[in-house]
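**Student:** Kindly produce the complete structure, drawing on both the sequences and the hints.
In my numbering, the protein residues as written are 1 to 284.
In case anyone wonders, no lab produced these hints; they're calculated from the structure. There could be a bad hint or two in this list.
As the list claims (entries may be wrong) - Distance windows between CB atoms, simulated:
| no. | residue 1 | residue 2 | range |
| --- | --- | --- | --- |
| 1 | 27 | 229 | 33 to 43 angstroms |
| 2 | 77 | 12 | 15 to 25 angstroms |
| 3 | 197 | 28 | 52 to 62 angstroms |
Quick caveat, the model's predicted, so the values are computed rather than measured. No residue lacks a Cβ here, since even glycine has one placed at the ideal position from N, Cα and C.
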Amino acid sequence: MTTPSFVLVDAAKAASVARVRIESLSTMAELKQADAVLREIWRDDSAQAGPMPIAVMRALEHAGSYVHGAFDADDGRMLGASIGFFSTPEQRSLHSHITGVLASAHRGGIGYALKLHQREWCIARGAREMTWTFDPLVARNAYFNIVKLGADIAEYLDDFYGQMDDQINRDDPTDRVLARWRFDVPARTLRALPPYRRLLTSGADGAPVPVSDETRGAAIIEVPVDIEGLRLINPAVAADWRAEVRAAFARADVEGLVVDGFVRGVGYTLAPHSPSRPTKDGSP
Numbered sequence: 001m002t003t004p005s006f007v008l009v010d011a012a013k014a015a016s017v018a019r020v021r022i023e024s025l026s027t028m029a030e031l032k033q034a035d036a037v038l039r040e041i042w043r044d045d046s047a048q049a050g051p052m053p054i055a056v057m058r059a060l061e062h063a064g065s066y067v068h069g070a071f072d073a074d075d076g077r078m079l080g081a082s083i084g085f086f087s088t089p090e091q092r093s094l095h096s097h098i099t100g101v102l103a104s105a106h107r108g109g110i111g112y113a114l115k116l117h118q119r120e121w122c123i124a125r126g127a128r129e130m131t132w133t134f135d136p137l138v139a140r141n142a143y144f145n146i147v148k149l150g151a152d153i154a155e156y157l158d159d160f161y162g163q164m165d166d167q168i169n170r171d172d173p174t175d176r177v178l179a180r181w182r183f184d185v186p187a188r189t190l191r192a193l194p195p196y197r198r199l200l201t202s203g204a205d206g207a208p209v210p211v212s213d214e215t216r217g218a219a220i221i222e223v224p225v226d227i228e229g230l231r232l233i234n235p236a237v238a239a240d241w242r243a244e245v246r247a248a249f250a251r252a253d254v255e256g257l258v259v260d261g262f263v264r265g266v267g268y269t270l271a272p273h274s275p276s277r278p279t280k281d282g283s284p
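**Tutor:** Right, dumping it as structure tokens:
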């Protein structure tokens, strides 16, 4: 498949701005390096397999899936890694299972460069979309995925991975949303926003407050600005946010609402499903 020139240009520019080289990982030494990077990101110091076992990375790479690292363009140090695998042939979709960048990289744009490289790599192999999951409570990731990349939120997944033992996810239900980045769907354009009602808001004490009313239409589901910090200082309130955001998304699904944006400092905006955007099964 011919890759559009803008896809190539965007990927090259993003890597240049982030000062990284994105390369496939094929040797055992490279895969061990990726394992160490992912363990550091997820703060996983267990003796068991890390967030992405080396043997699985080896198998996926050998089978032709996406196993890449982002290397510092100056000193060659691995700063991030991303692993994905293909879905069923008819879906022509890559699921990006894990992507992470070291906090010690001390610069932005590496995650963006990895995602644009993934898009280029996917299109060259005939894929028409990419999916991945992320924690709906992490506001910065929601903004990046929905606004910067233009992905849709296809589905809310309750406790998707079950119990996880890394220090980021330990003792917290692993609720996720499924992001779907359709390469053949135009990016959203800025437009006048309709009046939004709140399905979930924040109280004066920072705790979540569900809003009950009989109105319908566009809505907002608020999320904390910094859920990771909140988990450290007030885990009980953070747990309340998990439960209430799950309930708010369930209510939105019943009302036929889908995520159509994310506002920094506020949360998710939702509107009635539009036929121009895909549903969770990928169809209009």
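**Student:** Could you see if the CB distance from residue 27 to residue 229 stays within 33 to 43 angstroms?
**Tutor:** With a Cβ separation near 38 angstroms, residue 27 and residue 229 satisfy 33 to 43 angstroms, so the hint holds.
**Student:** Is the hinted range of 15 to 25 angstroms satisfied by the C-beta distance from residue 77 to residue 12?
**Tutor:** With a Cβ separation near 21 angstroms, residue 77 and residue 12 satisfy 15 to 25 angstroms, so the hint holds.
**Student:** That 52 to 62 angstroms hint for residue 197 and residue 28 (C-beta), does it hold up?
**Tutor:** With Cβ atoms ~55 angstroms apart, the hint holds.
Taken one by one, the earlier hints all hold for this structure without exception.
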